[in-house]
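Visitor: Sequence:
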Amino acid sequence: MTTREDGDRSEKALVRRLPDINYWWPDSDREYRPGRPGCIPTKRSWANYKADFYSAIQKLAWDPESEAPQTRFFAIAGSENTGKTTLLGQLVRLFVDDRFRELLWTLPETDDVEHLARGPRDVRTAWAIDRYHYDPSDADGESSHFVNQLPDLGPNRVLYLPLDADPAFQLRPERQIRDAVAYYEAEVLDGDPAETRHFVFVDDVDVLDDDAGDDGWGELVAELCRDAPARTVVGTATSDDVVERQLYDAERDEMRLDDYEIETVLPAKFRDYLQRRYPLFEGANAADGVEMAYHAALDGDASLERDPDTYRVSPSEFTTKVRAAVDHPDELLSALESYESQLDRMYRLVGSGGSDSPRAWIKRALEEYLLLGGYLALALDDDLFERSDEWFRAYLRGDADGEGHTFADDAGSVADDLLGSLHEQAPSLQSIKPRRVRDLSRLYSWVADELETRPFDYDDLLGESGDPGDWILDVDRRTLREKYFATLEELVLVAFSDGYGQKKPRHLRVGLRDVGLGNVLQWRDLDDVTSDRDGVRSKLEYMVAFDHVIRFSYNVNHPLDPNCGVVRYWRDGDDFVEFVPKVRGAPVPIGIDTASDTPVEKIDAVGRFLDRQSADPDADLHDFVRYEPTVGSPRTGPSGGLSKLSEWLDRRVLDALEDADEVDGLSDLWNASVETLAAIDGLSRADAETVADATALYDAVSDVRGVGPAKQETLWNPGTDDPTHWTVERLGAATVAEVAALDGFTETTAERVIEAAKHRTERGEDGEYERRIDRLRRGDDGWWNGLREEPDSEYRGSYEAFRWGENDDDPTGGSSGATTHHRIHDGEAQFGLVLTGGNSVERYESPEDEKPVYAVPLWLFLTLA
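Every letter in the sequence shown is one number past the one before it in our numbering, and letter 380, counting from 1, is 380.
Bear in mind the hints are in silico, worked out from the structure with no lab data behind them.
Heads up, none of these hints are tricks.
Derived SDA-like pairs (lysine to any residue); straight-line CA-CA distance at most 20 Å:
no., residue 1, residue 2
1, LYS504, ASP457
2, LYS503, ARG571
3, LYS504, TYR627
4, LYS483, ARG245
5, LYS12, GLN170
6, LYS539, ARG551
7, LYS644, ASP655
8, LYS321, PRO852
What you are looking at is a predicted structure, and each value in this text was computed from that prediction instead of being measured.
Given these sequences and hints, build the entire structure.
Guide: Here you go:
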């Protein structure tokens, strides 16, 4: 054991508890203890695995060519009760459950029905994992598929650290975590940590906030990855923005790690709930399990009468066709009709008519989801879903189970957890003062109470007069939007959006991301939904649709597309289109009216949007998004006028610069190349190089503490003994003694300017902001080709760089030094959707351009989105 023997015993709390927490380690005499904080189950049924699990598996894979992890740090982001810890437990099970591990790599080799003795759901889950993460052609053991690599990865390759299980784990956390890793490497890991693959799972890493040293927990995670090349770190955190900000090194203007990935886990979507409520839709049908030829299906046998995915609801074809519909709109109709045909096949196989049809099950599940949402659906015990439909729905109406437990007990517990985490996490997200945090829960409750489906004026919340008695919230518009609503959005509690084509929005549209929490605050039960009291059902359908359209936007777009998750609304007179997401840069208007099977007015409104919207930025109806990278800021160089260098440069050179129209200050010199400077009248190439060197040096040292104008000038003009100017490169390579020998310098100031010069040299020409803008424009491999101007680009939007006052309305008057902004303009809309209360898909056309408008049942869209 390598932990520290001296110091406070509280620093060893985590190490002392490791064997209990990691009870699966070989030679351990510990076991799983239900209810014990930090002890995650690894034998739980696989019946309810969200899609996040299947996409997360490959993040753990090894790259056989580089002999290194494909992803060094994998972050799972999401708010409380979205299933992040459950997902970690499911990933850990892949390493520690011997029976399931054996099933994973023997199932592709045989159809031995004895496998089914382990349970049809385990077999079905193993088949699903193998289908996407196993390579049957791997003969030499060099596959990049994770299942092929699992046989070499056992229980001793996993370290689990639940930092929120005990506050004592958060005392001097950096030291405790390092000690825990050292203990694990010395006592459990079966090899050299630099060469032996192992995984460190850090649950709730962001509870450390800034307690893990001056650089926050991001530097700690980066060091854990750098210290051992064979190590993969998996962590959970509140949001992807939190992870990005922690991994960003502001001083060096770069990310601390290059090879990291973030997966955001949202509350369970409707399809997740449907598959848990009726496992048939996930393919887990026990009666058919014995008949399934799993090995043959994995091997691609096309002669099988039915595949294990016969019943599985999959959005993949729908997603693919939506992308294709931007070019060929009728592609979408074939995907929707294909799913309707799948439901018909399912009905012939398992339906018995009436309420026992697959369509009836979906509609019944939707009623329940309108009450539960994703958070509550995930929180309910598995046992509840084993009961009859009648018993389960009675429970949702308030009946107690056999032990006196009610639905209100489940709902209240989840709401308390989430609102408690809101108060705890909000200050660190948008710098909201602790005394104002309660405003967030009040604002959320207001949204849940109103269930407003139309845009509202800011004054509805802020008051119409200057009288404090007229205020609901005592903040200004900017604080309401950029802090309050932004925080609730980051925690996946609400979504807000502007109107399509509105450059200066005066109205705001807000929706609940999860209806279940809002229902808890309003004391609703299933009767309130099914009876549609006060129009509640239609409002909840709107909120669920809003949430799923946002998810739809993420699913159909490339993750680097700035339009991901952007959903506008459109209002023109009596026309209102509730949702306008973008697909490959082109808007897709989506209306909703579930009161009718064929809502003519809504179909007409969507059609009029299609006829009016244009890809021309100067058109009457057009929209764009402004893109700003999550971290970093544009480099602007030093501020101030040329007088700052009056003692640095010859008078002749200064006069030439002052006479140049393109030079107003130091920032212009900083942005200019040597070639640009040499083209100025009166300057030679040598003069231009001198100006560039002087500007770079001034930029590097002007903000260094203790180094004022006199010392700065000394660096540029050391004196007769040293007539050579100190450049940034020379200063960065100098010793402390060399710089300390200059007039006015001490060893301390010498160290500071050398470090500043090194940072200036190491960071290169571009910072993280510029790198992300470049990545945006260049794109990457795949169907999305980036925001290029090439005619064969598959992206329908276009990129524009602009400054206020040049090619936009300028509210401030503009200036030559204004920051460059980045716009992504929309392409042309090609089709629209209307979500209805009907049972089948119908095709209509816009009145002028005859673009297709598809009327799609709400339950069908939610199943696929």
